[in-house]
Amino acid sequence: MATVLLVEDDLTLSKMYRDQLEHDGFEVITAPDGQEGLTKAISQKPSLVLLDIAMPKMDGMTMLTELRKDAWGQQVPVIILTIMDPNEKMLQQVMALKPAYYLFKANSTPQDVSDKIKEILASSPSKPVS
Amino acid sequence: MPALSPRVRSFVGVAILVAFYFFAGKAGLTLASVNPSATIFWPPTGIAIGCLLLLGIRLWPAVFLGAFLVNITTAGSIFTTLGIATGNTLEAVIAVTLINRYANGRNTLETPGNLFRFFILAGVVSTAVSAFIGVSSLSLIGFAKWSDFQEVFLTWWLGDMGGALLVAPLIISWFNRPRFNFHLRHISEIAVVFFLLLLTTFVIFGGFLPLSVSNYSVDFLAVPFFLWIAFRFNQREVATALFLFAEIAVWGTLQGFGPFAKGASVGDSLLLLQAYLNVRAATMLMLSSVVIMHRNTEELARKSEEQYKTLVEMSPDAIVVMDLQTNITMLNKQAVSLVGFENAEEVLGKTAFSFIAPEDHQRTRENLAKLATVRRLTGIEYTIVRKDGTRFIASTSASVLVDQRGNPQGIIVVVRDVTHEKELDRMKDEFISVASHELRTPMAAIKGYLSMILSGRYGQISGDLQKPLVTVALSTDRLIQLVNDILSISRIETKRLKLTLTLFPLASVVDDIGSNLVPILRGKHLGFHNGVEKNVRVQADPQKVGQILTNLVGNALKFTDTGGISIASTEENERIVVLITDTGVGISKENQEKLFRKFQQVSSQQAGRPAGTGLGLYISRELAKAMGGDVWLVSSEVGKGSTFAVSLPKEGTTLAASVRQILTSQIHTATFLETQHPS
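If you read the protein sequences in the order shown, they are chains A and B. Counting in our numbering, the first sequence runs without a single skipped number right up to 304 at its last residue. Counting in our numbering, the second sequence runs without a single skipped number right up to 828 at its last residue.
Hints are computed from structural coordinates only; laboratory data are not their basis. One thing to keep in mind: the hints can contain errors.
[Said to hold, decoys possible] Some chain A residues near chain B, calculated using beta-carbon distances under 7 Å:
1) D184
2) S188
3) A280
4) P284
[As the list claims (entries may be wrong)] Derived lysine to any residue pairs resembling SDA-like cross-links, with alpha carbons at most 25 Å apart:
5) B/K644 / A/F278
6) A/K292 / B/L603
7) A/K272 / B/D661
8) B/K577 / A/F278
9) B/K647 / A/Y276
10) A/K231 / B/S582
11) B/K175 / B/V163
12) A/K292 / B/S600
13) B/K647 / A/D233
14) B/K647 / A/A270
15) B/K499 / B/S544
[Claimed, not checked] A short, non-exhaustive set of chain A residues, derived as facing chain B with CB atoms under 7 Å:
16) T186
17) L187
18) M190
19) I257
20) K279
21) T283
Remember, it's a predicted structure, so these values are computed and weren't measured experimentally. Positions of the beta carbon are idealized from the N, C-alpha and C atoms, including for glycine.
Sequences are here, hints too, so could you generate the full structure?
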């Protein structure tokens, strides 16, 4: 079964997405910030990374930038899961790092997130979709 | 005289005028030489003109009565007396009517132009009427020979003219400006100059010295004193001096003294003298009015300058005046301290460029060039460098100063430090941004868990629980939308909207929206038709256009129960217009007016429908406007449905180009992607 790395600082949200994903049969690894997320990503090489942007210690954008420097990290599909407004500058900068997709937490249900992960993993099991 | 009724006052006025007129007439007639009724100096003309001008033409019967009494007790018959009195009355009435109409009425002496008209209308025209009627009356009855008509007419005319030019100004100037300056210096100077003038007049006309006895032409000796009076005082003093001078001159000439007592007869001498006095009166009064006008202009200019100086110093904003080379020529205290200096002298003469940050120099030069044609530029921001090198952002308004011919002479700039305002704006934006993040996170959790509960993820939901849970879910969506909307409005209103202008086909955005709405459309059994032309492309931010169309189509869905929604496009004035038509409940006329206001919802139609935030249409319209388009209601009928329209600049039009230029340079932060939108 596919492994998803969920990098999310809000514990309630983290538990919520984990519940949904585990229910849908994914193995879920969680990380509360970008630093731990980056370490876990490189050491455990999940099938997909679900990444928040605004986080303590290391934010999602920095983590993604670092991740893309890694040979394996260049390939892994990343879904940005954010609370930000599409108007925000930072989000536009993140888009330049070619995530597979982005979802707004406030507009998507955990089911939507899970469906999107399945869709992306099905269409390109090893390469990021842009 | 507050105790007297207007009628009594008029009667007293008339009686005084009649008496005054009568005695002045009698005095004047003592100078009659060519005919007992025709005198070389007729003060009553001036009394009549002066009094009727100040008190009103309705007092003319007093003039008539006075003239009648003077003449009936002098010579001639009832007929000639009536004729002469009529002529004298007409003279005053004509003079006053014309002065009121063409020479500024009782203020006729105050400007050279009006004074000139006074000379012509009162001095020349009206007096000729009186002389003509008077002499004709005498000649008709035989009191004067027709062969003497010309001589008697001339005497009469000049005599009346003397009254009009020497006596009327005296009355008008004293009664029109009755306040007198009682300062010792003023009175002393008047006393001195009048003493010297009178002394000189006696030297010329008095017969004390050989000069006047030998009839030397030394009348010019009085000129310096007239000039003195004209330059230092007002017309009241000039008119008084002229009157006194004239009285002494007439008296002296009658005694055979002075430059004019050389004529073949006393009549000839007086005629010459009168001509001289009339010209002297006209020139001196004219000079006086020019001096007064100049004095008033100076006073006005001084006052105006004083006002502006005070305004400039009192202004909370910095004000800087510079020449066309941007060298600072004047600045207020606020401007001096704004750039960190102590004294204006340290800043004067420096160029404005020495205070503008180097990176803004090029833009400053461009704006200066622009200013030359538009003459005024407001709200331009520059980074200003203080004396100590620290910087701040200033908002400036510049205006070109021009001379009378419209040639630019300098530039006046109002400068305001907006650092604080900018900081407040930034803090407000940051607060709203942080607050919305903080609000959204728990809302996302509520929404997420609710959806999982509703999907049965945590066990079967009883029928009783299903309905309230759905309501909670809908309210959560509404709350999320509200936070999003407030953030949008904050961005729009602080002009911090970020637009990414792209050229893209509208039909694809409409298709996306349609496919997102499929579940709802199916649930309500509604039709959806996308009739937008496939090849039509607009210049806009696709994400914002999606937001606008989602809002409009969402509204249509919310208020439509049968039929469906169709979307079409047309072209109009370089814009593509998208029409969203529904077969819903429609909007009443009164609600149509409120549609685009903030927090307005069509209340009567809310029952049983999902509630909105009341911000959607307002935001949609503002977003469309920010991109050079608009949103409006085309038509709506209760029970039949509504049609809303969105317009956006069409690709490749002049409008699109200018919107792009404005957006990328000024209002919102906008970027333009030349590449095609991937949709």
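Here is how each hint holds up against the structure:
Hint status for A/D184: holds, given a least beta-carbon distance of 5 Å to chain B, under 7 Å. With a cut of 7 Å, the hint placing A/S188 at the interface with chain B is violated, because the nearest CB-to-CB distance is about 10 Å. Checking A/A280 against chain B: minimum C-beta separation of about 5 Å stays under 7 Å; hint holds. At its closest, the beta carbon of A/P284 sits 5 Å from a beta carbon of chain B; the interface hint therefore holds under the 7 Å criterion.
Annotation: proposed proximity of B/K644 to A/F278 holds, straight-line Cα distance about 24 Å (limit 25 Å). The suggested pairing of A/K292 with B/L603 holds, with an alpha-carbon distance near 21 Å, which does not exceed 25 Å. Restraint check for A/K272 and B/D661: the C-alpha separation of about 22 Å stays at or below 25 Å, so the hint holds. A threshold of 25 Å between alpha carbons decides the hint, and for B/K577 with A/F278 the separation of about 23 Å falls inside it, so the pair holds.
Simply put, B/K647 and A/Y276 have alpha-carbon atoms about 19 Å apart, close enough for the 25 Å limit, and the pair holds. Distance restraint check for A/K231 and B/S582: the Cα-Cα separation of roughly 20 Å lies within the 25 Å cut-off, and the hinted pair is therefore satisfied. Between B/K175 and B/V163, the direct Cα distance comes to roughly 18 Å. Compliance with the 25 Å bound is thereby established for this hinted pair. Pair hint A/K292 plus B/S600 holds up; C-alpha atoms about 19 Å apart against a cutoff of 25 Å.
Between B/K647 and A/D233 the alpha-carbon distance is near 22 Å, which keeps this suggested pair within the 25 Å criterion. Only pairs whose Cα atoms come within 25 Å are accepted, and B/K647 paired with A/A270 is accepted, the gap being roughly 17 Å. For the suggested pair B/K499 and B/S544, the alpha carbons sit about 20 Å apart, so the restraint of at most 25 Å is met. Interface hint at A/T186: satisfied, since its Cβ lies 5 Å from the closest Cβ of chain B, which is below the 7 Å cut-off.
Checking A/L187 against chain B by beta carbon gives a least distance of about 6 Å; that is within 7 Å, so the hint holds. Below 7 Å, beta-carbon pairs count as interface contacts, and A/M190 has one with chain B at about 5 Å; its hint therefore holds. The closest approach between the C-beta of A/I257 and any C-beta of chain B is roughly 5 Å, which is under the 7 Å cut-off, so the hint is satisfied. Hint status for A/K279: holds, given a least beta-carbon distance of 4 Å to chain B, under 7 Å.
Here the hint on A/T283 is kept, as its CB sits about 4 Å from the closest CB of chain B, short of 7 Å.
Checked against the numbered hints above, the structure breaks only hint 2 and satisfies the rest.
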